[in-house]
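**Student:** For reference, the chains in residue letters:
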Amino acid sequence: MNAKITAAALGALLALVPGAPRAQSMFRGGPAHQGVTSEAAPRAFHRVRWTFPTGGRIVSSAVWHDGAVLFGSDDGNVYAVDAASGRQRWMAHTGGPVASSPAVSEGRVFAVSYDGRLYAFDARSGEVLWKFATEGERRFEAKGLHGLQPRNQTYPDLYDVFLSSPLVVDGKVVFGSGDGHVYAVDAASGRLVWKFATGDVVHASPAYDQGLVVVGSWDGRLYALDAATGAQRWAFQAGLDPLIHNQQGFQSSAAIADGTVFVGCRDGHLYAIDLRTGAPKWNVDTEGSWVNASPAVAQGRVWFATSDTAQYRVVDAATGQPAQAMGSTQAYVFGSPTIAGDTVLLGVLNGSLQARDRADGRVLWEFRTDAAKANRGWVLSAEGRFNSGWLYASGWGDQGNDGTRRQDSVGSFYATPLVAGGTVYIGSADAAMYAIE
Amino acid sequence: MSASVHRCPGVAALVLFATGLACAGARAASDPAGRWEGVADVPGQPLRLVIDLDRDAQGRWAGSATLPGRGVKGAVVDGLAVAACDVRLGLAAAFPGGDALQPKLALTCRGDGVLAGTFTLGGQAAPASLHRSGPAQVDRPPAGRPITAALAGRWTGRYELGGLPREVTLTLANGADGTGGGELVIVGKRTTTLQVDQVTQGREFVTLRASAANFVIEGRLAAQEGVIDGAMSQGPYEAPLVLHRQAGEKAS
Numbered sequence: 001m002n003a004k005i006t007a008a009a010l011g012a013l014l015a016l017v018p019g020a021p022r023a024q025s026m027f028r029g030g031p032a033h034q035g036v037t038s039e040a041a042p043r044a045f046h047r048v049r050w051t052f053p054t055g056g057r058i059v060s061s062a063v064w065h066d067g068a069v070l071f072g073s074d075d076g077n078v079y080a081v082d083a084a085s086g087r088q089r090w091m092a093h094t095g096g097p098v099a100s101s102p103a104v105s106e107g108r109v110f111a112v113s114y115d116g117r118l119y120a121f122d123a124r125s126g127e128v129l130w131k132f133a134t135e136g137e138r139r140f141e142a143k144g145l146h147g148l149q150p151r152n153q154t155y156p157d158l159y160d161v162f163l164s165s166p167l168v169v170d171g172k173v174v175f176g177s178g179d180g181h182v183y184a185v186d187a188a189s190g191r192l193v194w195k196f197a198t199g200d201v202v203h204a205s206p207a208y209d210q211g212l213v214v215v216g217s218w219d220g221r222l223y224a225l226d227a228a229t230g231a232q233r234w235a236f237q238a239g240l241d242p243l244i245h246n247q248q249g250f251q252s253s254a255a256i257a258d259g260t261v262f263v264g265c266r267d268g269h270l271y272a273i274d275l276r277t278g279a280p281k282w283n284v285d286t287e288g289s290w291v292n293a294s295p296a297v298a299q300g301r302v303w304f305a306t307s308d309t310a311q312y313r314v315v316d317a318a319t320g321q322p323a324q325a326m327g328s329t330q331a332y333v334f335g336s337p338t339i340a341g342d343t344v345l346l347g348v349l350n351g352s353l354q355a356r357d358r359a360d361g362r363v364l365w366e367f368r369t370d371a372a373k374a375n376r377g378w379v380l381s382a383e384g385r386f387n388s389g390w391l392y393a394s395g396w397g398d399q400g401n402d403g404t405r406r407q408d409s410v411g412s413f414y415a416t417p418l419v420a421g422g423t424v425y426i427g428s429a430d431a432a433m434y435a436i437e
Numbered sequence: 001m002s003a004s005v006h007r008c009p010g011v012a013a014l015v016l017f018a019t020g021l022a023c024a025g026a027r028a029a030s031d032p033a034g035r036w037e038g039v040a041d042v043p044g045q046p047l048r049l050v051i052d053l054d055r056d057a058q059g060r061w062a063g064s065a066t067l068p069g070r071g072v073k074g075a076v077v078d079g080l081a082v083a084a085c086d087v088r089l090g091l092a093a094a095f096p097g098g099d100a101l102q103p104k105l106a107l108t109c110r111g112d113g114v115l116a117g118t119f120t121l122g123g124q125a126a127p128a129s130l131h132r133s134g135p136a137q138v139d140r141p142p143a144g145r146p147i148t149a150a151l152a153g154r155w156t157g158r159y160e161l162g163g164l165p166r167e168v169t170l171t172l173a174n175g176a177d178g179t180g181g182g183e184l185v186i187v188g189k190r191t192t193t194l195q196v197d198q199v200t201q202g203r204e205f206v207t208l209r210a211s212a213a214n215f216v217i218e219g220r221l222a223a224q225e226g227v228i229d230g231a232m233s234q235g236p237y238e239a240p241l242v243l244h245r246q247a248g249e250k251a252s
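First to last, the protein sequences are chains G and V.
When the letters of the first sequence are read in order and numbered with our numbering, they come out as residues 1 to 437.
When the letters of the second sequence are read in order and numbered with our numbering, they come out as residues 1 to 252.
Hints in this document: simulated from the structure, not taken from any laboratory.
Since this is a predicted model, take the numbers as computed values, not measurements.
Quick reminder that beta carbons are idealized off the backbone N, C-alpha and C, glycines included.
Certain hints may be false.
Computed, partial: chain G to chain V, Cβ under 8 angstroms [unchecked claim]:
| hint | residue |
| --- | --- |
| 1 | His46 |
| 2 | Val48 |
| 3 | Gly76 |
| 4 | Met91 |
| 5 | Thr423 |
Now the stretches of chain V that chain G is said to cover, found in silico as 3 or more residues with beta-carbon under 8 angstroms [to be verified]:
| hint | segment |
| --- | --- |
| 6 | 104-114 |
| 7 | 200-208 |
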């Protein structure tokens, strides 16, 4: 009994020690991408402690290292910002937008840039240690994409917002590329260990468990690769959409728990797949709504959200059956839910960060960016939904893309919240990193 | 007056304290040091601005500009002049072709603690208004650092761009100020000489920049082998480039 009390007291004490190690050094918290942290999130909104302005949209989800939040920006920089003060510790420049999360391991920060390179920086100074060049980045693209016209024109997908967040495992940095490959690079030297060719852009982040790297491609397949060699162990074929390419591709990164892979797909499903064999276990049909966010998994439940239908859903991990009443996020969700203690945090493209009760899904509090409140150009309806019929005047080429860009003007949250020390850190399309408590 | 002070020291202390606070408040309102955020009201396209202004250890003013949404973070401001509560600065580094556009801010402290004035660019003018949002966080250009003997010296190499070969000769040394720099001679159809004004030598990784031409060479330095294995880039163009220490030169 006494030993138990002592252990509990020690645990509580450790949790209070500033700078105590927190396993949130890569996208979704760790290699299995479960999106769960033991850190407690605020149960009520108190204030914005600080904001840190950058030059570009932030879709990168922040990670934690040594009292700093690390993230990328579409302005081409990777930032380390002191979590307590909001002051910049260092800024490291790359040649393109840094549209994914950095990963930190053994004093090195790894980040992928739209310049087609994986960078390794010194975690203390931001000094470049090495760069690794892929064959080059690109967005997913297709003829007549999403029904845009003229239909024989090839369009880049402006909703392909993320790059692949690097995974660090067994001394290797594993990431996907717009050149269609999954790469494994030696973390110390930056030399290529292996690469694996898929059929299209890979912008999901690889997840890892039991010696397997699992990652989806825009070719509509989810791949399991041997982490040591890159050899394919299995591939799961999801839906394809040869007509307008709208209902295909893995943008969502997989989460792995208890031998099951959980992953969303643009074909309008959340899939549960056996990690060892690749056999499907169950799926949730979202009736055509993209599942771009990565699911979170904890204690036998799976949390995910949808894009167009703005659904907040919690299902049983064993069966896929609803475990909670479906909620509405009001607008598209691309960012992934973070489970922080008894709270679920979720960024929404309408410029709101929502905190929900983990047990019943009710909204505890909501933070909205100033741009969302101002709602210039009536991007949002009075209820906070996108005024799509107003934004998308026409499906002809550039006019359609213009609507997509206008959506961002409300400070969309594409990123996934990071929780540390009772504070929520999340970047916005308004170019600012927010510390909210 | 003095009698009343003697009679009522508590009140006098309060008055002095309040006066002190008021003075400090006035100083804070009129001191342009800090982070200023706001908007230049360009018709149809408001320009968001974050301007950091601060004095260095010698009391000289320094500033940097961040333009959220335009991809600019911490651009060095030029022509910074601060006189009492008037601030004048240029933003040439924050815009492509900035020298020709001549973007400038002319601002004055208002009574309500706002810096307000005019943003000009390309001969147009728009009202600008910025509020203080916190202490200054000026992004200063990285200070030059000395290079080691392993990097100093003469290097030669060759790259191809657009099917045309270019021969490169790079000469690096520490200057009178103790920081690394040098000269880059590129011989293709014609001969171009560039000043290498920024040298960053890490543990292995080396970056050499000729800022005036936006020409960059970077790669891994293998000191024993006398090789820099990397690439050149100029804007979106890049090509592999391996530099060899010229025969007869040795790293000491």
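**Student:** Now look at each hint and say whether the structure bears it out.
**Tutor:** Against the structure, the hints come out as follows:
{"no.": "1", "hint": "His46", "result": "18 angstroms, violated"}
{"no.": "2", "hint": "Val48", "result": "11 angstroms, violated"}
{"no.": "3", "hint": "Gly76", "result": "7 angstroms, holds"}
{"no.": "4", "hint": "Met91", "result": "7 angstroms, holds"}
{"no.": "5", "hint": "Thr423", "result": "17 angstroms, violated"}
{"no.": "6", "hint": "104-114", "result": "violated (count 0)"}
{"no.": "7", "hint": "200-208", "result": "holds (count 6)"}
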